[in-house]
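In this note's numbering, the protein residues as written are 1 to 193.
These are computed hints drawn from the structure, not numbers from a lab. Worth double-checking, as some hints may not be accurate.
[Claimed, not checked] Taking CB as the label site, the calculated pair distances span:
1) 102 to 158: 42 to 48 Å
2) 18 to 166: 28 to 34 Å
3) 126 to 5: 21 to 27 Å
4) 48 to 126: 37 to 43 Å
5) 100 to 128: 43 to 49 Å
6) 5 to 28: 28 to 34 Å
7) 85 to 132: 21 to 27 Å
[Said to hold, decoys possible] When the alpha-carbon atoms are kept at most 35 Å apart in a straight line, the in silico DSBU-like pairs for lysine-lysine are as follows:
8) 185 to 127
9) 6 to 78
10) 165 to 185
11) 29 to 78
12) 193 to 78
13) 193 to 6
14) 6 to 127
15) 193 to 165
16) 2 to 165
17) 165 to 6
18) 127 to 165
19) 78 to 165
20) 185 to 29
21) 127 to 2
22) 185 to 78
23) 78 to 127
24) 29 to 127
25) 193 to 2
26) 29 to 6
The beta carbon of each residue, even a glycine, is placed where N, CA and C say it ideally should be.
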Amino acid sequence: MKLTPKEQDRLTIFTLAELARRRIARGIKLNYPEAVALITDEVMEEARAGRTFDEVVAHGMQLLSEDEVMEGVAELAKALYVEALFDDGTKLVVLQNPIRRTSAVSTEPARIIPASSPDSITINAGKSTITLTVTNTSDHLVQITSHMPFWEINARMEFDRELAKGHHLDIPAGGALRWEPGETKEVRLCPLK
1 MKLTPKEQDR
11 LTIFTLAELA
21 RRRIARGIKL
31 NYPEAVALIT
41 DEVMEEARAG
51 RTFDEVVAHG
61 MQLLSEDEVM
71 EGVAELAKAL
81 YVEALFDDGT
91 KLVVLQNPIR
101 RTSAVSTEPA
111 RIIPASSPDS
121 ITINAGKSTI
131 TLTVTNTSDH
141 LVQITSHMPF
151 WEINARMEFD
161 RELAKGHHLD
171 IPAGGALRWE
181 PGETKEVRLC
191 PLK
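Sequences and hints are given; from them, build the entire structure.
Structure representation (C-alpha cells):
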C-alpha cells in the first residue's frame, strides 16, 4: 500500500492521538505534541463524521484542560490550525487557546524578541510562479493555508485545477488567504518542491 505524504501525516497524528488517549486514561499529563495531536485528530474525525463547522470548533475547544497537560503546554498552544475535510470540502479550523484554563491567567503580556538580520527574507526565491483567478462559489468563508496542495482545495473554489497541480500559494509559511462568499481573487502559486 502506498500512502501520500498527506496520508502519512494523518496516520502520524492518529498514532500520537491514540498514545495521548492512553496516557489520559492512565492519569498521565500530556506534553505539547500529544495535546496538539489529540485535538487535531478529534477535529478531523468530527468533520469527517459530518458535523457542522461550528460543532467541530465547539468540540475542539472542550477536549482538554490545563489539568490534563504538563506545565506550560496551555501557554504554548495559543492557536491550532487544522485543515479538516467537511462534507462540502476542506476548511481551515482555527482554535484560539484550545486548552481550557483552570487557574488564574497572568496579566503580564507575552514578550517577543525579534531576531536581527541585515538581509531581508525572500520567500520561494528563484521558484517559477503562475497566477490564477480563483472564485469562492460557496456561501461560506473559505481560508486556504500556505502549503495546502492548491489543486486539492475546497471543491467550491473555481479555478483551473489542472494548471494548479503541483503548486501551493506563494505566501510565507503558516500564512493563509481568505475568500468571502462570491469573492474572486488573483493568486500567485509556486511549485510544492
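Hints, verified against the model:
Residue 102 and residue 158 have their C-beta atoms about 46 Å apart, which keeps the hinted 42 to 48 Å range intact. A hinted range of 28 to 34 Å holds for the C-beta pair residue 18 and residue 166, which are about 33 Å apart. Evaluation of the 21 to 27 Å hint for residue 126 and residue 5 yields a pass: the beta carbon distance comes to about 23 Å. Checked against the hint of 37 to 43 Å, the C-beta distance between residue 48 and residue 126 comes to roughly 38 Å, which is consistent with it.
As the Cβ distance of residue 100 to residue 128 is approximately 46 Å, the hint placing it in 43 to 49 Å holds. In this structure, residue 5 and residue 28 meet the distance hint of 28 to 34 Å, their C-beta atoms being roughly 30 Å apart. In this structure the hint that residue 85 and residue 132 lie 21 to 27 Å apart at CB holds, the actual value being about 22 Å. This hinted pair checks out: residue 185 and residue 127 have alpha carbons roughly 21 Å apart, not beyond 35 Å.
Taking the CA atoms of residue 6 and residue 78, the gap is near 24 Å; set against the 35 Å cutoff, the hint holds. The hinted pair formed by residue 165 and residue 185 meets the criterion: a straight-line CA distance of about 18 Å does not exceed 35 Å. Restraint check for residue 29 and residue 78: satisfied, since their Cα atoms lie roughly 18 Å apart, inside the 35 Å limit. For the hint linking residue 193 to residue 78, the alpha-carbon distance of about 29 Å falls within 35 Å, and the restraint holds.
Restraint check: the Cα-Cα separation between residue 193 and residue 6 comes to about 15 Å, which is no more than 35 Å; the hinted pair holds. Annotation: proposed proximity of residue 6 to residue 127 holds, straight-line Cα distance about 23 Å (limit 35 Å). For the suggested pair residue 193 and residue 165, the alpha carbons sit about 12 Å apart, so the restraint of at most 35 Å is met. For the suggested pair residue 2 and residue 165, the alpha carbons sit about 20 Å apart, so the restraint of at most 35 Å is met.
Distance check on the hinted pair: residue 165 and residue 6 sit about 15 Å apart at the alpha-carbon level, within 35 Å; holds. For the given pair, residue 127 sits about 15 Å from residue 165 by alpha-carbon distance, which is consistent with the 35 Å threshold. Distance hint between residue 78 and residue 165 is fulfilled; the C-alpha atoms sit about 33 Å from each other, no more than 35 Å. For the hint linking residue 185 to residue 29, the alpha-carbon distance of about 45 Å lies beyond 35 Å, and the restraint is violated.
At most 35 Å may separate the alpha-carbon atoms for a hinted pair to count; residue 127 and residue 2 meet this at roughly 29 Å. Restraint check: the Cα-Cα separation between residue 185 and residue 78 comes to about 30 Å, which is no more than 35 Å; the hinted pair holds. Using a Cα cut-off of 35 Å, the hinted pair residue 78 and residue 127 holds, with the two alpha carbons roughly 32 Å apart. Using a Cα cut-off of 35 Å, the hinted pair residue 29 and residue 127 is violated, with the two alpha carbons roughly 44 Å apart.
Of the pairs offered as hints, the one joining residue 193 and residue 2 holds, with about 20 Å between alpha carbons and a cut-off of 35 Å not exceeded. Distance check on the hinted pair: residue 29 and residue 6 sit about 28 Å apart at the alpha-carbon level, within 35 Å; holds.
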